[in-house]
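Novice: Add chain S to chain H, keeping to what the hints say.
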Amino acid sequence: MEAFLEISPRHVYEVLEGVQDPEIDSISIIDLGMVSEVTTEENNVKIVLLPTFLGCPALDIIKMNTINAVKELPEVKDVQVEFVLHPPWTSDRITEQGHVNLRKFGIAPPPKRMEADGTWHIDCAYCGSAYVTMDNIFGPTACRSILYCKSCKNVFEAMKPVSTLM
Amino acid sequence: MNENETVMSQEYKDAITSLLFQLADDDFLYAYRGSEWLGLAPHIEEDVASSSISQDSMGHAAMFYKLLEDLGIGNADELAHSRPALDRKNSVLMERVNGEGYYMETPLYDWAYQVVRSYFYTQAKKIKIDSLCESSYSPLADTAVKVKMELYYHRLHWETWFKQLLSSTDVAKKKMDEAIKKVMDDFNDVFSYGNEKLLIEKSRLISSEEILRDKWKASIEPVFTALQMEVPKLSDKPTKNGRNGEHTQDLEEAIRTLSEVYKFDPIATW
Chain H
1 MEAFLEISPR
11 HVYEVLEGVQ
21 DPEIDSISII
31 DLGMVSEVTT
41 EENNVKIVLL
51 PTFLGCPALD
61 IIKMNTINAV
71 KELPEVKDVQ
81 VEFVLHPPWT
91 SDRITEQGHV
101 NLRKFGIAPP
111 PKRMEADGTW
121 HIDCAYCGSA
131 YVTMDNIFGP
141 TACRSILYCK
151 SCKNVFEAMK
161 PVSTLM
Chain S
1 MNENETVMSQ
11 EYKDAITSLL
21 FQLADDDFLY
31 AYRGSEWLGL
41 APHIEEDVAS
51 SSISQDSMGH
61 AAMFYKLLED
71 LGIGNADELA
81 HSRPALDRKN
91 SVLMERVNGE
101 GYYMETPLYD
111 WAYQVVRSYF
121 YTQAKKIKID
131 SLCESSYSPL
141 ADTAVKVKME
151 LYYHRLHWET
161 WFKQLLSSTD
171 VAKKKMDEAI
181 KKVMDDFNDV
191 FSYGNEKLLI
201 EKSRLISSEE
211 ILRDKWKASI
221 EPVFTALQME
231 VPKLSDKPTK
241 NGRNGEHTQD
251 LEEAIRTLSE
261 VYKFDPIATW
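Line by line, the protein sequences give chains H and S.
Note that full-length UniProt numbering numbers the first sequence so that position 29 is 29, with each residue one more than the last.
Note that full-length UniProt numbering numbers the second sequence so that position 198 is 198, with each residue one more than the last.
Possibly wrong hints are sitting among the right ones.
[As the list claims (entries may be wrong)] Once the Cα atoms are required to be at most 20 angstroms apart in a straight line, the calculated DMTMM-like pairs of lysine to aspartate or glutamate come out as:
id, chain 1, residue 1, chain 2, residue 2
1, S, 237, S, 201
2, H, 153, S, 45
3, S, 163, H, 25
4, S, 163, H, 6
[Unchecked claim] Using C-beta positions, here's what the derived DEER-type ranges look like:
id, chain 1, residue 1, chain 2, residue 2, range
5, H, 166, S, 222, 14 to 20 angstroms
6, S, 264, H, 104, 40 to 46 angstroms
7, H, 155, S, 71, 43 to 49 angstroms
8, H, 80, S, 261, 28 to 34 angstroms
9, H, 166, S, 70, 25 to 31 angstroms
10, S, 224, H, 155, 34 to 40 angstroms
11, H, 151, S, 77, 25 to 31 angstroms
12, S, 99, H, 37, 47 to 53 angstroms
13, H, 74, S, 105, 55 to 61 angstroms
Simulated from the structure, these hints should not be mistaken for laboratory data.
We treat Cβ as the ideally placed atom computed from N, Cα and C, and that holds for glycine.
Pulled out of the complex, with its shape left as it was, chain S reads as follows:
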């Protein structure tokens, strides 16, 4: 039976809402950080590819915000632009700056970090999307089926970069190793539902954190084996959990920048 046609329990609706905010905010910030590479990617073809991936990912975020709008949570554009950092549910990894400096001045961005972050996140997103294709909430399952087809190309793209840089020069390998460590330090909340773990997991919207994390590890293992490397371990240091609204200064600054035009005239029709 379609949930849209039945009365949804408040608990079920809360679970969907929590999960959708996590998915939407992840893709929104991921796309924003990706778009900051525009004009700065290592070569022209990568500029085309990166911006295309960012555009797709922003489209995915827009779909998740739209599902929230359909549930009566608020206007999709407003949910994307107007919520303060404290209310955001994205993983900390998604909000991290691309490197030192500012886009408009002297950006000293770290391409190795972008490759590792993108590859690990895209692989994690694929594991989640595969699970969401079977979601108990059919509008979310329909969206996942569509996202999956686009994600296929993103994953292929980042895996290629990942393998090539790690099979390249000593300098490249060193930079990649450092990036892997940095990304893993922030990876704990990627597969966390935060305080909503029980609520989300019992609603059959998506698999449990543990199942997804194990699937992710298994999915990247062959790549690491081929590179004669060990699958990196999750950090055992205490880290912020973005799912609970714990964030860094990077997110505050990102929101200020990305919402500047929107806040200039919120009732404008674009």
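Next comes chain H alone, as it looks inside the complex:
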């Protein structure tokens, strides 16, 4: 009889740290706060993920990459990945490491708070200057906005803040 090793959820999490956002390859799904739950039963793993934006075309790719990555663990037999909407993904789920990794890609992390009128401020992802203007709330992907830094004269992007208070 084939004897499987017991799966440690810690190993699964380590693997998930290597599953990147296909559109921002400096950041993992752990950094983004997309992993809600990892459960194991015998040699099967179930991973519950939270979608960032509902129309994001990267979700299917993330699901496939997650399954393939976790299947690499020798003790794992079956991997199930499910997207759920509760709790809702919000931009404050992005970890501190996530903030660092977003900046590496030239994307400013989402601001911690919004003004009463719904606007928000973020410093330049490259030089840290506060002297920036909003170019477009909407950007190349659903989760990003486009800004311009008047100090270093670079166009940069920022993760849109999203919260249940909106």
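Specialist: Just chain S now, kept in the frame of chain H:
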């Protein structure tokens, strides 16, 4: 208690199904018409913004179709692409063409109409989504909470356009006034549940038509007051009710175009 874990009455399931078709078809057609602006929007940044809003809205439609799939009504892709116009429950406003001409030939689309339609619809959708956050059907409430966060940016975007064009040149103002009239002529069924009104309203899935309509009016009033304008009235002319499957030729043509690739090979895996 979660409805998923209890046996759902047939009546309750029928109410959810009816409402979901209305929500899904609205966003599906709205996103389709929005995507027809790709490459044609007034400037490059608007092209990025418009297509992003269309993509989000298509995502919302996909979630509503998925909820129907989870109820065993049918495959989500098929519900989106294969149903004939007669079975569609979207508001007539969502199916209207963007203007004269064809996308591939000489599109003479009307940006004022797109701004007014989008602003009025997005504001109406916000009122519905706020109500759906409290829905008795928890999978729908969870979806609404998520949609709400994305909708925030859409509403802000269209409100900005709306205010700016109406505070602009005489030509812009004239075009906007005409667009407002045209949109209001089709606005009656936006807050209608059609023949399913009683069924939907007694199931505590969403507020009544009247409550939502009043909230919508109240929500746009400050914008109109600031522009020194009156909130436009709903049309008293008899109009088609899309919730009952009453539609225009525009929808037939839209479905033919949007389902062309899907029908070419329905079993293909994308």
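Novice: If a hint holds in the structure, say so; if it does not, say that too.
Specialist: Verification of the hints:
{"no.": "1", "hint": "S:237 x S:201", "result": "25 angstroms, violated"}
{"no.": "2", "hint": "H:153 x S:45", "result": "18 angstroms, holds"}
{"no.": "3", "hint": "S:163 x H:25", "result": "39 angstroms, violated"}
{"no.": "4", "hint": "S:163 x H:6", "result": "62 angstroms, violated"}
{"no.": "5", "hint": "H:166 x S:222: 14 to 20 angstroms", "result": "19 angstroms, holds"}
{"no.": "6", "hint": "S:264 x H:104: 40 to 46 angstroms", "result": "42 angstroms, holds"}
{"no.": "7", "hint": "H:155 x S:71: 43 to 49 angstroms", "result": "45 angstroms, holds"}
{"no.": "8", "hint": "H:80 x S:261: 28 to 34 angstroms", "result": "31 angstroms, holds"}
{"no.": "9", "hint": "H:166 x S:70: 25 to 31 angstroms", "result": "26 angstroms, holds"}
{"no.": "10", "hint": "S:224 x H:155: 34 to 40 angstroms", "result": "36 angstroms, holds"}
{"no.": "11", "hint": "H:151 x S:77: 25 to 31 angstroms", "result": "48 angstroms, violated"}
{"no.": "12", "hint": "S:99 x H:37: 47 to 53 angstroms", "result": "48 angstroms, holds"}
{"no.": "13", "hint": "H:74 x S:105: 55 to 61 angstroms", "result": "59 angstroms, holds"}
Hint violations for this structure: numbers 1, 3, 4, 11, all remaining hints satisfied.
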